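K.L.:
One-letter residues, chain by chain:
Protein chains: 2
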Amino acid sequence: VITDPDTIAAFRLDRSGWDPGGQPLGVIQAESVAQVQETLRQANSDRIPVVVRGAGTGLAGAATAADGELVLDLSKLNRIREISPLDAVAVVEPGVITANVNRAAVQYGLRYAPDPASLEISTIGGNIATNAGGLLCAKYGVTRDWVLGLDVVLADGELISTGGRTRKGVTGYDLTSLFVGSEGTLGVIVGATLRLEPVPAATATVAAYFADVEQAADAAARLPALAAVVELIDPATMRAIDGTSEAFLLVQTDGGAAHAEADAVQEALSSTATRVLRARDSGEAERLVGIRRQALPALERIGRPLIEDIVVPRSRLAEAMRRLSRIGTETGVPIFTFAHAADGNLHPIIVIDRNTVGIPDEAWHAAEQVFALALELGGRLTGEHGVGVLKRRFVGTELGARSHRVQQQLRELFDPHAILNPGKAL
Amino acid sequence: VITDPDTIAAFRLDRSGWDPGGQPLGVIQAESVAQVQETLRQANSDRIPVVVRGAGTGLAGAATAADGELVLDLSKLNRIREISPLDAVAVVEPGVITANVNRAAVQYGLRYAPDPASLEISTIGGNIATNAGGLLCAKYGVTRDWVLGLDVVLADGELISTGGRTRKGVTGYDLTSLFVGSEGTLGVIVGATLRLEPVPAATATVAAYFADVEQAADAAARLPALAAVVELIDPATMRAIDGTSEAFLLVQTDGGAAHAEADAVQEALSSTATRVLRARDSGEAERLVGIRRQALPALERIGRPLIEDIVVPRSRLAEAMRRLSRIGTETGVPIFTFAHAADGNLHPIIVIDRNTVGIPDEAWHAAEQVFALALELGGRLTGEHGVGVLKRRFVGTELGARSHRVQQQLRELFDPHAILNPGKAL
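From first to last, the protein sequence lines stand for chains A and Y. Residue 1 is where the first sequence starts when you use my numbering, and the numbers rise one by one after that. Residue 1001 is where the second sequence starts when you use my numbering, and the numbers rise one by one after that.
Chain A on its own, in the form it takes in the complex (with noise of 0.2 Å):
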């Protein structure tokens, strides 16, 4: 139990950048699963709010602790308990940096395919409270995709197993896909057997510059093939990276067929691409690669990058990034699009002054006729961020008014004295 302030200021926020303000009581450090129970039952019959926290990489606020609410600190919790290749299966702790979960299967020839960017800084458990995405999910699904089971300790204390080591099984509801994504509000995750798949045979990596983001967007949702990576960057980040001011698209396929499929998209490409690159060997897919991943620095060199994180359906993608850079344009925020274009998931990035405390006025108002687009265009709030704080208003808009309900209904039955991360997520 830590309760020097010092101590506890470094735990109470996570990457979003919001602060709640004030000071959490503590910060207990389980080492077990037995202290994590410990923990929750005492809580739970003094009704004071846990804040479940990994390595506090989220984006959204959902790792943030207020006044008088109790961390509980997962990150001492992180053997990987076991890897059989037999059943092609992990199982993990939660607080195991996720890449390194990878690592161990690797070994075997296998691996964990989901892939958030923060891979190598945040761990497996709160890609699973928040059902993390990342680059591969087009073709290799999102966190949920992944997890078979769960060991989850409830409000009052008590640990329950929920599905198991394979792939099939249908006894009774589906809680492992419930606590999936539940930004800490059903129960904490002590546990987790998550699916293995065989290490790609090959990668192949193409990119292309286009004059038109639309017409980049257009083909990366008309790709011939089902790619494994397709990141699209609009013209004004690409200025930011290099100094080009076309659309950059970057494609991956993989798998035995690896090299034919990359043939095709190359094809398909050149018709509207100013420029097609092809990479002949690993270093020079590191260098395109490198291009998506200077996206996020290039920005914080201008200013404080806000990250959206909305989804459209793919069909609506290249109208996504026409308006987005018309909401940009007429609300004067400044606004950087880079997308996981198959997903159809965009993070539309609001750039502000980097003196400026909090989140102005415009970058608010900004953000909601993102968000506003999203559900306009059939889309969604968060595609793999999360609710945290930062959305919470927006998700009854998104839900509808009874699914909402129904939605806190469960929440009530999981938690009836609203210990678990209240304020957070619904």
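Don't read these hints as lab results, they were simulated from the structure. Predicted model, so just to flag it, every value in this text is computed and none were measured. Be careful, since some hints might not be right.
To be verified - The following residues of chain A were derived to be distant from chain Y, with all beta-carbon distances above 10 Å:
#: 1; residue: 47
#: 2; residue: 180
#: 3; residue: 266
#: 4; residue: 267
#: 5; residue: 343
#: 6; residue: 393
What the hints assert, rightly or not - Between beta-carbon pairs, the in silico distance windows are:
#: 7; chain 1: Y; residue 1: 1413; chain 2: A; residue 2: 42; range: 24 to 30 Å
#: 8; chain 1: A; residue 1: 417; chain 2: Y; residue 2: 1020; range: 37 to 43 Å
#: 9; chain 1: Y; residue 1: 1020; chain 2: A; residue 2: 22; range: 56 to 62 Å
#: 10; chain 1: A; residue 1: 22; chain 2: Y; residue 2: 1372; range: 50 to 56 Å
#: 11; chain 1: Y; residue 1: 1086; chain 2: A; residue 2: 81; range: 38 to 44 Å
#: 12; chain 1: Y; residue 1: 1106; chain 2: A; residue 2: 81; range: 40 to 46 Å
#: 13; chain 1: A; residue 1: 260; chain 2: Y; residue 2: 1086; range: 21 to 27 Å
#: 14; chain 1: A; residue 1: 201; chain 2: Y; residue 2: 1106; range: 24 to 30 Å
#: 15; chain 1: A; residue 1: 67; chain 2: Y; residue 2: 1417; range: 57 to 63 Å
Think of the CB as a built atom: it goes at the ideal place given N, C-alpha and C, for glycine as much as any other residue.
Following the hints, position chain Y against chain A.
P.N.:
For chain Y alone, kept in the frame of chain A given last:
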């Protein structure tokens, strides 16, 4: 509304062999979502139990209707509303025959992968309600992995929508996954948005015979590629199919690298198989697949098959095959087993005398040992058929008391007056 007793009789049973007896009140054949809503509204206010029905192909009794219950038949809600090649989704009504979803998608080079054996006679609504499996699940996942969004009429008649049209989307809890596999107990599915994927470029087929079923199971668990189909048939079933008494393993690889993967599979199987066959054309592939397809018809010639449906981790498959055979010997009840081997999903078939009415005690006794075996090996009671009526009394053992209670509370939340398929699933 059908109240004629003879017609009602045609709607009161499914394919489980379970007969609850008595006479349902009547059958509502809904032709619109509004009629489903009105039916539920009325039934909820009058406390009349409602059994939702698609094609009645269920194997666990979930679609059987007892005395005083109302059957809600959705087979006339059978339009495919949309196939969107750009978004790679199908939007369908629940009464569409599953194979028809695929036939519509294939015109765009896309497919809906889940392939329960019943796909030509079962409805997509029923597939969703049971989270149906099939042959392709180890590589392509189960029905739940293909459902992006649902329209659901709640017990009181109100309509909600869950999920969306995209693979990503983390606003709120995953109600979609909760309804999938809920066997008609949480709401009535009246629409679904399904994910589609490109049809694989190629398929290759390998088959092998083994003197020893455990060696066959072992080979199935250790394949050098992520195969699309891995079907295992035990010697007893093979004897019924074609008089051979060896274990049979059918492997299909698919995608751009199908043939290279099949080469590797062929070589791997050669080390322990007595014979390995590689299909040189689609006719030969069809003949090898046909052997598996004959399994159930062959057993139907011997007597009345009771189809069990357990799951074990793949690493326990060989042990499961051995122990199932031993249960057959010890109880004197003949057990024939075939398996979706890559999933660890076994169908131990108890064949009883054709003239027996109901399920004899010794068959129940053997089935109980089969269920106990599944749980002992770290598996599950049902992989793809559901709990229905038949496995209900074993559910608590698999789930554990607290998890079972949580699920019952969840059910009460969605259906406070217990009108939705009472006596089923939990």
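K.L.:
Which hints from the list above does the structure break, by number from lowest to highest?
P.N.:
Result: hints 2, 5, 15 break, sorted rising.
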